[in-house]
Amino acid sequence: MATLHVGHVPALSSYSSRQCVRHDRHPIRSTRRHLLALLALPFLASLPAADAAAKPEGQLTWGVHVSLAPLWFDPADTQGMITPFMVMYALHDAMVKPMPGNPAAPSLAESWSMSPDGLTYEFVVRKGATFHNGKPVTAEDVKFSFERYRGTSAKAIKERVAAVETPDPHKVVFKLKEPWPDFLTFYSSATGAGWIVPKAYVEEVGEEGYKKAPIGAGPYKFVSFTPGLELTFEAFEQYWRKVPNVKRLVFKVIPDESTRLAALKRGEIDIVYSIRGELAEELQRTKGLTLKPTVISAPFWIYFPDQWDPKSPWHDPRVRQAASLAIDRKTINEALTLGHSKLTGSMIPYGFEYYWQPPEPTFDPVKAKQLLAEAGHPKGFDAGDYYCDSSYANLGEAVLNNLQAVGIRARLRPLERAAFFKGYSEKSYKNIIQGASGAFGNAATRLEAFVVKGGSYVYGSYPDIDALFQQQASEVDIKKREAILQKMQQLVQERTIYAHIWQLAFINGAGPRVGEAGLGLISGHAYSAPYEDVTLAGK
Amino acid sequence: MTRYILRRLAYSAVSLFLLSLTIFLFVRITGDPTTLLVEPGASQADIDAVRQRLGLDRSIWVQYASFMASLAQGDFGQSFYYRTPVFELYLSRLPNSLLLALAAMVFSLLIGIPSGILAAVRVGRFWDRAGKVFALLGLSLPSFWVGLVLILFFSVYLQWLPSSGSGTALHLIMPAFALGWYFAAAHMRLTRSSMLEVLGSEYIKLARLKGLPESLVITKHAFKNALIPVLTLAGINLVIMVNVAVVVETVFAWPGIGRLLYEGITFRDFPVVQAVVLLGGVMIVAVNLLIDILYAVIDPRIRLER
Chain A
1 MATLHVGHVP ALSSYSSRQC VRHDRHPIRS TRRHLLALLA LPFLASLPAA DAAAKPEGQL
61 TWGVHVSLAP LWFDPADTQG MITPFMVMYA LHDAMVKPMP GNPAAPSLAE SWSMSPDGLT
121 YEFVVRKGAT FHNGKPVTAE DVKFSFERYR GTSAKAIKER VAAVETPDPH KVVFKLKEPW
181 PDFLTFYSSA TGAGWIVPKA YVEEVGEEGY KKAPIGAGPY KFVSFTPGLE LTFEAFEQYW
241 RKVPNVKRLV FKVIPDESTR LAALKRGEID IVYSIRGELA EELQRTKGLT LKPTVISAPF
301 WIYFPDQWDP KSPWHDPRVR QAASLAIDRK TINEALTLGH SKLTGSMIPY GFEYYWQPPE
361 PTFDPVKAKQ LLAEAGHPKG FDAGDYYCDS SYANLGEAVL NNLQAVGIRA RLRPLERAAF
421 FKGYSEKSYK NIIQGASGAF GNAATRLEAF VVKGGSYVYG SYPDIDALFQ QQASEVDIKK
481 REAILQKMQQ LVQERTIYAH IWQLAFINGA GPRVGEAGLG LISGHAYSAP YEDVTLAGK
Chain B
1001 MTRYILRRLA YSAVSLFLLS LTIFLFVRIT GDPTTLLVEP GASQADIDAV RQRLGLDRSI
1061 WVQYASFMAS LAQGDFGQSF YYRTPVFELY LSRLPNSLLL ALAAMVFSLL IGIPSGILAA
1121 VRVGRFWDRA GKVFALLGLS LPSFWVGLVL ILFFSVYLQW LPSSGSGTAL HLIMPAFALG
1181 WYFAAAHMRL TRSSMLEVLG SEYIKLARLK GLPESLVITK HAFKNALIPV LTLAGINLVI
1241 MVNVAVVVET VFAWPGIGRL LYEGITFRDF PVVQAVVLLG GVMIVAVNLL IDILYAVIDP
1301 RIRLER
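Top to bottom, those sequences are chains A and B. Going by the numbering used here, the first sequence opens with residue 1, and the numbers climb by one from there. Going by the numbering used here, the second sequence opens with residue 1001, and the numbers climb by one from there.
Hints are computed from structural coordinates only; laboratory data are not their basis. All C-beta atoms in this analysis are idealised placements derived from N, C-alpha and C, irrespective of residue type, glycine included. Treat each hint with caution, since some may be false.
EDC-like, lysine to aspartate or glutamate: derived pairs with alpha carbons at most 20 Å apart [to be verified]: (1) A/K422 / B/D1075; (2) A/K158 / B/D1048; (3) A/K212 / B/E1088; (4) A/K427 / B/D1048; (5) A/K422 / B/E1088; (6) A/K422 / B/D1032.
Computed footprint of chain B on chain A, listed as stretches where at least three residues anywhere in the stretch have a Cβ under 8 Å from a Cβ of chain B [claimed, not checked]: (7) 97 to 108; (8) 134 to 145; (9) 154 to 165; (10) 221 to 230; (11) 281 to 291.
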């Protein structure tokens, strides 16, 4: 009756709860109740068993914008990007993972607890959960998957774990070397270390064999894969959470955006990813098709790398504020993402742990000009180059026009993505950088990469903010840590270290055969998930 | 003759060596693939770990030596992105590219040769001018645009053909036409000029003087001789079609080598790009070698020259 349990799982507001979470229903103790239940059985048996008898039916086909890679079949290789989770949510399951309404939902872990000293995490492995080969998920598989993990942040997470113990087949204990408040963030969503593979099967078929015929504990079984072209899954009816609704899922790679839309219009595919600009408008206009935007965990901003140079105009916070006030975010949003992106004043994605809600960014060109005049630039100034990833040069052009309108004159320098991020991380740019990040983590991991001294994309820092970061890193008290991290975000906003633009909406579409596309169910997730919730129309 | 063949083989080997060096260096100039394999904002430690796993932390010459040593054993390496042997990937896509190239070639010859003949026979008149316009369009219209217009018209509006993918003969029609048109234009131009040259020759005049019907003069006497250079070009073009249909294969999501190359370039998948370019080079060098040898067999002056 595991499927029933899910409906009764209380949503965890935060993974960091110290309380042990129990999801078992209260056992029925009364003998009289037992008798009543027994008497009711024949009657219940005569009722149509809706969910229990429901069999997966039909097929849904996705038109995918990126080439599917076998690397994504194996959680051990999860790299710091969101795309592999498109496949992992079908094929695999994690101990704890983001689910609708819950960024750290119990999955293969029925419950967990943290010791008061923050050094021990104990997980209870879900009874009844099985892999696609019918073997039960055990504590040994959990330990094996963690130890085998070699993807993003593998070193960071393993360095902090002293031991993984399996006192019984349904209990796993992680012992940390020292308290690490971000352990569960890394274990549940920032890495693939908590996604479980069957130990015996991996050892039997080997690493390469596993990528060719992967077995997981997710709602869908692997059927076939043609590298870069097509991937097919079939429903795993024994999935613990629920029986998936759709029998077959097919993912077709269609690299060209116009072709993807044409395929959706013809009904060759049912769900399409990444349709932008005018094509998205066309999708919206087309009868029978539905626009399905999802706001992903990828805020965009402009960064002023010269703000620490006293000779630079950007050194003056009023100039940076003027730049922020000059950006007409609402109009840009409507023009480029049909108004679906989320305007934000923060570089931390909405919904991330320790997120601080900043004031709504405002558009006020008059005040921008006034601030520029006060800063000694009544006629504006030549701001040099505006660097951006060429994939988002359209956003850069729009922002640049806004800056130009208040007198901040800059030249657009779109660079191919790899070259752009290389230059960004090597600190070789000046003037203005249009940046973004879709990396997993929480507020602390984002601030570390983009604000704090020594961060991969930090051109300069503020000592008080650096000190706060050090302070939170050793703070075990969740509330105190949250307060410090929120204070840091507040300082970033007050000093206009960044001028924030938006949290990008990923524009997808669905055809008439789709009931629930699964898009946007999980906060910040770009793709359909959880797949067991996806339905055909009318089902 | 043996010396001649050996010399040509040596030239081919040098060409392929230079190609390997060039492509190896050129792909590395384009940037660091690790930045595309991790999310922007990933930590330096993660980027370094990926770089180390891909062997990109070694010096470029060590990487090249390792690449050549593997190549000598027929190993093109593992794809960074797909994590599978590149040669396996290549072989899985090759049949699709051959099929598309053959279909495109049939299109291009069916269009190019008759229109070339018509243009030569009606030189300076309507059909000649129409042929020129057709050739101009074929050579100048970008194939991605042609592809998208075809999809819009035949898939979206008329609903006759599938928009993309592979599997049936219907899937092949639009990509074959989009690829074939460009080459049809070249074949048409060559057929026209070749026919004009042959039609001006003495034996054609003699055939006409003998009172043979014009249709017989053109089809039996002129066309047969004019066809030789066209077929030679078609042979070389077929090899080119297999290897350069990058745009057409991408627009139509056709699972061929061109799309593999596109994916390789997109993801900075060095082993994939190197293998596709090198194997394409091998095909072109082999065809040229074969033509050189055939010429030498036919013409003794060639094999005797120093």
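Comparing the hints with the structure gives:
1. Using a Cα cut-off of 20 Å, the hinted pair A/K422 and B/D1075 is violated, with the two alpha carbons roughly 30 Å apart.
2. At most 20 Å may separate the alpha-carbon atoms for a hinted pair to count; A/K158 and B/D1048 meet this at roughly 17 Å.
3. A hinted pair counts as satisfied when its Cα atoms are at most 20 Å apart, and A/K212 with B/E1088 qualifies at roughly 13 Å.
4. Pair hint A/K427 plus B/D1048 holds up; C-alpha atoms about 17 Å apart against a cutoff of 20 Å.
5. A C-alpha spacing of about 31 Å is found between A/K422 and B/E1088, which places the hinted pair above 20 Å, so the restraint is violated.
6. Only pairs whose Cα atoms come within 20 Å are accepted, and A/K422 paired with B/D1032 is accepted, the gap being roughly 8 Å.
7. Chain B is given as covering the stretch 97 to 108 of chain A, and this is violated because 0 residues of the stretch bring a CB closer than 8 Å to a CB of that chain, at least three being needed.
8. Only residues whose beta carbon comes within less than 8 Å of a beta carbon in chain B count, and the stretch 134 to 145 of chain A has 0; fewer than three means the coverage is violated.
9. Counting residues of the stretch 154 to 165 of chain A whose C-beta sits closer than 8 Å to any C-beta of chain B gives 3, which meets the bar of three, so the coverage hint holds.
10. Closer than 8 Å: that is the beta-carbon criterion, and the stretch 221 to 230 of chain A has 4 residues meeting it against chain B, so the requirement of 3 holds.
11. Counting residues of the stretch 281 to 291 of chain A whose CB lies closer than 8 Å to any CB of chain B gives 0, so the stated coverage by that chain is violated, three being the minimum.
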